[in-house]
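Undergrad: For the sequence shown, position 87 matches number 87 in the working numbering, and the numbering has no gaps at all.
No wet-lab data here; the hints were simulated from the structure. Just to be clear, a hint being listed does not mean it is correct.
[As the list claims (entries may be wrong)] DEER-style ranges, computed between Cβ atoms:
| id | residue 1 | residue 2 | range |
| --- | --- | --- | --- |
| 1 | H115 | T90 | 41 to 47 Å |
| 2 | R8 | M50 | 25 to 31 Å |
| 3 | N130 | E52 | 23 to 29 Å |
| 4 | E158 | R83 | 24 to 30 Å |
| 5 | L61 | S111 | 29 to 35 Å |
| 6 | S111 | T17 | 30 to 36 Å |
| 7 | D112 | P146 | 21 to 27 Å |
Built from N, CA and C at the ideal position, the CB exists for glycine as well.
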Amino acid sequence: MLTLEAVRLGATLVNTTLAYRLTATNAGPDALSDIAISGDMIAAHASRSMEEQLGIAGPELPPIGRIERLGPGESAVLEGEFRLPLAAVTPIRHGQAQLFVPVARFDAWASDSAHRAVSARAAFLVGQDNATASDRLQPFRLDLGPRVWDAIGQRALEIPETL
Numbered sequence: 001m002l003t004l005e006a007v008r009l010g011a012t013l014v015n016t017t018l019a020y021r022l023t024a025t026n027a028g029p030d031a032l033s034d035i036a037i038s039g040d041m042i043a044a045h046a047s048r049s050m051e052e053q054l055g056i057a058g059p060e061l062p063p064i065g066r067i068e069r070l071g072p073g074e075s076a077v078l079e080g081e082f083r084l085p086l087a088a089v090t091p092i093r094h095g096q097a098q099l100f101v102p103v104a105r106f107d108a109w110a111s112d113s114a115h116r117a118v119s120a121r122a123a124f125l126v127g128q129d130n131a132t133a134s135d136r137l138q139p140f141r142l143d144l145g146p147r148v149w150d151a152i153g154q155r156a157l158e159i160p161e162t163l
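Using the sequences and the accompanying hints, generate a full structural model.
TA: Okay, structure coming up:
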């Protein structure tokens with residue numbers, strides 16, 4: 001099982017950068033070994049298919065870390081940053097505002113104690129935490145110039161079981 005904690009998002013004149021903590025948990029009954037984790041960040045947009053946005057279709061995600069072993073119920077944390085060039089962001093236009101909705105995507109592959117391949121996939125919508133009681137995340141405005149957002153959150157997206 002993969003869970004994300006979005007820590008901070010920054011936008012410069014060139015890139016957007018998401019700092020994150022990813023927790024990989026072995027929820028199964030067998031130890032897992034040689035765990036390879038890959039991931040990236042894209043911009044959500046209606047012009048992309050849902051499969052592409054979730055990381056189901058398209059190129060393989062780039063490697064971001066390895067974990068040697070996780071026993072049943074054990075977890076490990078990977079910390080890192082994703083950089084996405086502003087030129088790769090298709091903003092969502094709302095009036096004069098140019099909005100960015102990041103999606104962090106992850107894949108994990110491992111071997112169980114019987115040397116069978118085990119995998120997990122996860123995708124998370126990242127946005128500004130709303131100060132109101134609403135559970136909705138707010139998009140990031142890119143038209144206001146460089147800035148850093150610390151009050152951010154994430155919501156897991158449902159990945160279809162059948163691909």
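Undergrad: Hints first: check each against the structure and report whether it holds.
TA: Results of checking the hints against the structure:
At roughly 42 Å, the beta-carbon separation of H115 and T90 lies within the given 41 to 47 Å, and the hint holds. R8 and M50 have their C-beta atoms about 27 Å apart, which keeps the hinted 25 to 31 Å range intact. The hinted window of 23 to 29 Å between N130 and E52 holds, with their beta carbons roughly 27 Å apart. Between E158 and R83 the Cβ separation comes to about 27 Å, which falls inside the hinted range of 24 to 30 Å.
The hinted window of 29 to 35 Å between L61 and S111 is violated, with their beta carbons roughly 19 Å apart. The hinted window of 30 to 36 Å between S111 and T17 holds, with their beta carbons roughly 33 Å apart. In this structure the hint that D112 and P146 lie 21 to 27 Å apart at CB is violated, the actual value being about 46 Å.
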